[in-house]
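Chains A and B, in that order, give the protein sequences.
With this note's numbering, the residue at position 44 of the first sequence is 27, and numbering never jumps.
Residues are numbered in this note's numbering as their position in the second sequence, beginning at 1, plus a constant of 13.
Read the hints as simulated data drawn from the structure, not as lab findings.
Note that the structure is a prediction, hence the values are computed from the model and not measured.
Treat the hints with care, since some could be wrong.
Stated by the list, open to error - Covered by chain B, per the in silico footprint, the following chain A stretches (three or more residues, Cβ under 8 angstroms): (1) 42 to 50; (2) 60 to 74; (3) 223 to 231; (4) 237 to 247.
To be verified - A partial selection of chain A residues facing chain B, derived with a Cβ cut-off under 10 angstroms: (5) G167; (6) K199; (7) Q297; (8) M299; (9) Y302.
Each residue gets a CB set at the ideal place from its N, CA and C atoms; glycine is no exception.
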Amino acid sequence: MRHFVIVGILVIVMALVTYFGLTSIGLMPVEASLQATQIDWMWNLEMIAMSFLFALIVAPITYSLIVFRRKKGDTTDAEHMEGNTRLEITWTVLPLFLVMAFAYVGAVNLADTRRVDPNAMIVKVRGIQWSWSFEYPPVNGVSVISDELHLPKGKQVLLRMTSSDVIHSFWVPEFRVKQDLVPGRITELRITPIRSGNYKVRCAELCGTSHAYMEKPVVVSSQADFDTWMTEQVKLAEQQAATPEGHGQALVAANGCSACHSINGAAGIAPTWLGLFGSQVKLTDGSVVTADEAYLKESIKAPQAKIVAGFETQLMPTYGFPDEDIADIVAYLKTIK
Amino acid sequence: MRKTHPVWTGILLLVIGGTIGYGIGLGLDLLVSHSLNFNGSVAAAFALFLAVTSFFFGVYGYRGITRGLVFQVIGTLVGALFVTGIRALVGSTTIFGPFLFSEPAWVFGALAGDVSFVFGVGVVSDWVKWVRGLDTPEHHEDEPGWEKYFSVSLDHKVIGIQYTMTALVLIAVGGTFAMIFRTELAQSQLQFLTTTFKLFNQTGPQFYNTLMSLHGIIMIVSILLGVSGIMNYVVPLLVGAHDMAFPRLNAFAFWVAVPASVLLLMALVLGGFDTGWTGYPPLSARAPVGMQMFFLGVFTAGWSSILGSANVIATVLRMRAKGMSAMRLPIFVWASIATSIIALTATQLIGLSFQLVMFQRLLGMPFFDAAKGGNPVLFQHLFWFYSHPAVYVFVLPGLGVISELLPVFVRKPLFGYRWVAMSSLGIALVGFTVWAHHMFASGMNEYLRVPFMYSTLLVAVPTGVKFFSWVATLWGGKIETPTPMLFVLGAIVVFLLGGLTGPPNAAIALDLHLTDTYFIVGHFHDTIFGGFVFPFFAAIYYWFPKATGRRMSEFWGKLHFWLMTPSFLVLTFGMMRVGLLGMRRRIVDYDPALGFDTAHLIMTIAGYLIFISVLIFFINFFYSMTHGEKAEGNIWNSRSPEWQVPSPMPVHNYEVPFVVVGEPYDYGLADSKYVEFSTNGSKHVEFPTAPEVEKHH
């Protein structure tokens, strides 16, 4: 009997130490979304359960290892205790109720995170190896596509997402919720940011060579600052639409080319664009060609026709751009000197 | 008698054969691609094939495994050339591919190599004779000594050891891959797996993806083989049978895993693959040829699982000793039944899902190609329908080992035996209903996720029964802690941590934060180590004397435990910490601004300590075989039947059969016996000596 009392106390003490120990070291990132506060509430509930159950098993085992050790020279067996049906039923039925209760709480918690605001701002998200592209609601008919996700604080955003190639996953740890981007369908995620700041969205589903680097900025700001940014983007979009190079630059940003091609000369998965136009290029078959307009056009339209030496392990996919777009992109490439 | 130890001959020939193979591959690659690829895939593939084959030739000569490998090499080349020839004949534009042969040629070649191996090693020769109407002897005598382990044997004990050894080799390989990328991950930014690094046609980040993916699948295959190893060795001994129900099928199930492992290593060199072991399309549909080697390797290994399980079930149902009713089965046998039910029925689904991607790649069937009406998420349902129950295949035997060993070292009955027995079946059953909890963020139907949350949490109930029973077994006992018991206790604590971090993942909204992060990586390393790795070591330390008549060193065993356990706990706590804070899985690099550098350095050091502890285990293991302290009796004072006969175990197990006269775990009940060996008027089992003993050449 004495054993049970001591272990009972040990369990309670260990559970409290575990729980308060865990909660004191800041296990989660800051809560930057409404969903984060709801999910962290659930996490806290889980930590209480985990701390208690951990103590419930480890305390009696530790106690047994000390108190019920075989004494030196004792070669007899222990008490012949086969079982206790009532105990068995208790520790089957009680956990059954507990887990069902947890599942119910989990379901309600899920519903909370999915509350629909009919006035949510819709942002179309595209994942493409290895970049993100965000399309905002058009302003005066002008479509704004950016590689940064800007969100006004306090307003729900509905992300409607798809992938152009393989499965990606949208995740900002501070927002908590995650959703895969699947080719051929649109998946949705609702987030209500509650904390201004600069965050990062990083792909959370292995998507190939540069999965580790598939990230873009996420900026949460006041509605006013968001509107200012939006106005700037609209102006930028209009400017870019006006010239072929500008349109080319917009296409490049929207299709994630910079994930592989740098514009500052830095080495990467693919040849840098700095000074590319007009330069001599060595191919895998040993020949050397000039990177003229025809070469650049072909490289976009049929990327595998000529492969630059040293880059054969990672081949460029075909994007299917119409010819006018290709011409604009080439016009932009010519400006990178 | 040889003068030099066979291993040295093997290593010498490995180097020579590997070099020759390298040269041949380099030359063929030069002919077809017109470029010298010193660090390329073709040279490496030929080097690998010839090195492995030459190693075994040096150790063992041209028979058994060596013959199997030679047949596999030839079969692969013939198959690949066959397809290449057809492509040339029909005027295909691409007769060859980036890695010498085209992808269809490599796939067909690898398949032909698989089939050729089992013919070459001699594991289908009896069946072939039956097809031809010839008789074969019922029993095959094995060669004495270590040589029998490299050829086909029908003895379940030899097969069990073959499985275990292969599992240990794969653990060493998979662990080495982990140490390579753990070294890279110790600091943020790329140190050596950079974009300028190039090996086997992969840059640093691509090579990371391959190493990480292979770490996963090689460890998984090692677990399946290790589980089969324990079950094969121990189950017939526990039920009183002289062997498994189908010895030839048993041998086949083992040997088919060898070409499967070769294929997985081929995946490393044939351009690798970048999808993780989960192989999700569309990414897997566009990965290099290594992807196909992976798919085919897993498909082949699946045969081992399926056929092995059928054998276990048949043996337990039909070959038990007299008096061994259901409720008097050793608890490990219940665990084996539950495991085998899963492996027998679910494995097909991973084979199917991989087969569909192979067909999409080879034949253009757009199962998972959205642009042509396919559905990528369908793959995930098919894949996880096996891969979730698979984790119960991984852990149920280990949990059975815990239940089996605790009474011996506590000198008390297993508390609530019937409930523990039923809990294994309960876990197996419920385990079939939870698969989509791996897919909560996948884009599957949002409401359908909820029943999976309920079923996932339900698994905690039979698992809890096991934990509470173990606590109650320890309670009031007379506990001793030699090395096997240390690993049992470590298993309980580590599996507890894995099990407790399950419910947070089951809560859907919370899982959206946790999924695809290092929290999950920590969770499954805890469950796998607790449910398999620790019990696997416990089982080896425990049954090693039964197999060899010697015991492993207690000192080095305890050192192994005390080095491995704290390091492992540090590793998995570190994983979960960084995962919660934003560390994604399957990434070769992470942003220094995240502040994870210290944690990763600690995790890498912990990894190295675990690696050293396993190295200590290997040395202890091999040294003790010949130099361990003699242990020919019932050194653990167990009631179990196999310990009532001398060690090493006699060839046909029980010359005198036993009858079950009591409960398996009645420690503490005076004058109670579990089994009794009939002494007079008993049915002696005569084993007819074959008129002509088949010699394996």
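Index of numbered hints that the structure contradicts, given in increasing order: Hints 3, 4, 6, 8 and 9 not satisfied by this model.
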